[in-house]
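Visitor: The lines below spell out each chain.
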Amino acid sequence: GQQLNQSPQSMFIQEGEDVSMNCTSSSIFNTWLWYKQDPGEGPVLLIALYKAGELTSNGRLTAQFGITRKDSFLNISASIPSDVGIYFCAGPYSGGSNYKLTFGKGTLLTVNP
Amino acid sequence: NAGVTQTPKFQVLKTGQSMTLQCAQDMNHEYMSWYRQDPGMGLRLIHYSVGAGITDQGEVPNGYNVSRSTTEDFPLRLLSAAPSQTSVYFCASSRQGAHHTQYFGPGTRLTVL
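So the protein lines, in turn, are chains A and B. Following my numbering, the numbering of the first sequence begins with 1 at its first residue and continues without gaps. Following my numbering, the numbering of the second sequence begins with 1001 at its first residue and continues without gaps.
Check before you lean on any hint, since a few could be wrong.
[To be verified] Label pairs and their calculated CB-CB ranges:
id: 1; chain 1: B; residue 1: G1040; chain 2: A; residue 2: L55; range: 25 to 33 angstroms
id: 2; chain 1: B; residue 1: T1111; chain 2: A; residue 2: D38; range: 16 to 24 angstroms
id: 3; chain 1: B; residue 1: M1019; chain 2: A; residue 2: D38; range: 22 to 30 angstroms
id: 4; chain 1: A; residue 1: S27; chain 2: B; residue 2: N1001; range: 21 to 29 angstroms
id: 5; chain 1: B; residue 1: M1041; chain 2: A; residue 2: S77; range: 46 to 54 angstroms
id: 6; chain 1: A; residue 1: L108; chain 2: B; residue 2: R1095; range: 38 to 46 angstroms
id: 7; chain 1: A; residue 1: I67; chain 2: B; residue 2: K1014; range: 50 to 58 angstroms
id: 8; chain 1: B; residue 1: F1010; chain 2: A; residue 2: I13; range: 26 to 34 angstroms
id: 9; chain 1: A; residue 1: L55; chain 2: B; residue 2: N1065; range: 41 to 49 angstroms
id: 10; chain 1: A; residue 1: D18; chain 2: B; residue 2: K1014; range: 43 to 51 angstroms
id: 11; chain 1: A; residue 1: P113; chain 2: B; residue 2: N1062; range: 25 to 33 angstroms
These are calculated hints, taken from the structure and not from any lab test. Every residue gets a Cβ at the ideal spot worked out from N, C-alpha and C, and that includes glycine.
Okay, chain A solo, but in the shape it has when bound (with noise of 0.2 angstroms):
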């Protein structure tokens, strides 16, 4: 089945730091998606993205659509503690539903105050 590589694993920062994350895939996606959860809840949607090349921001969040349409960042500026928590990249299934997420194994991010 289809995979989405998420790098790092995980990362443990100073408050105020920025933050890079990215996600491969061996396939093509028409989309993508951010996901964050925090500790003990489920996932929230951050940002969405639909257009190869599309860059788009949530706050001091910013997600990018790579041109290759294989791959996708997240960026988050001034980190500060309440960004602590699992970020994920998602995408639907290709050739099949359309309704069918794959997720990532996910981002843990460390935020020291």
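Given chain A, work out where chain B should sit, using these hints.
Guide: Leaving out everything else, chain B in the frame of chain A:
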């Protein structure tokens, strides 16, 4: 709106026992799905439904049954629990035309001894 609700929040079963995880949403969403989350594995799709009376398998359906008799409810049944089914289970819903924007419930933490 309560959004997506899941019960119970925690459950311990013995091998071979059966149980049903409940999921309900009050947003009149057509699409509902079940995921399991294991450490280092991200979220994996178990079953999904695109509307009342319609269900289909996801990535890891074995050992689980679902039904969708109403738009609001999407229960997940474990017929004979196994230790490999120890996991955190998330239910999600989304509306037609925006099925990538999935709203997740708070999760059920299941332990099978």
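Visitor: Now tell me, hint by hint, if it's right for this structure.
Guide: Hints versus structure:
1. The hint said 25 to 33 angstroms for the Cβ distance between G1040 of chain B and L55 of chain A, and at roughly 30 angstroms that hint holds.
2. A beta carbon spacing of about 22 angstroms between T1111 of chain B and D38 of chain A agrees with the range 16 to 24 angstroms that was offered as a hint.
3. The given range of 22 to 30 angstroms is respected by M1019 of chain B and D38 of chain A, whose C-beta atoms sit roughly 27 angstroms from each other.
4. Against the hinted window of 21 to 29 angstroms, the Cβ-Cβ separation of S27 of chain A and N1001 of chain B comes to about 36 angstroms, which falls outside the hint.
5. A beta carbon spacing of about 29 angstroms between M1041 of chain B and S77 of chain A contradicts the range 46 to 54 angstroms that was offered as a hint.
6. Checked against the hint of 38 to 46 angstroms, the C-beta distance between L108 of chain A and R1095 of chain B comes to roughly 30 angstroms, which is inconsistent with it.
7. Between I67 of chain A and K1014 of chain B the beta carbon distance is about 53 angstroms. The supplied range of 50 to 58 angstroms therefore holds.
8. The given range of 26 to 34 angstroms is respected by F1010 of chain B and I13 of chain A, whose C-beta atoms sit roughly 32 angstroms from each other.
9. A hinted range of 41 to 49 angstroms holds for the C-beta pair L55 of chain A and N1065 of chain B, which are about 43 angstroms apart.
10. Between D18 of chain A and K1014 of chain B the Cβ separation comes to about 49 angstroms, which falls inside the hinted range of 43 to 51 angstroms.
11. For the pair P113 of chain A and N1062 of chain B, the supplied restraint of 25 to 33 angstroms is violated, since their beta-carbon distance comes to about 44 angstroms.
Checked against the numbered hints given earlier, this structure breaks hints 4, 5, 6 and 11; the rest are met.
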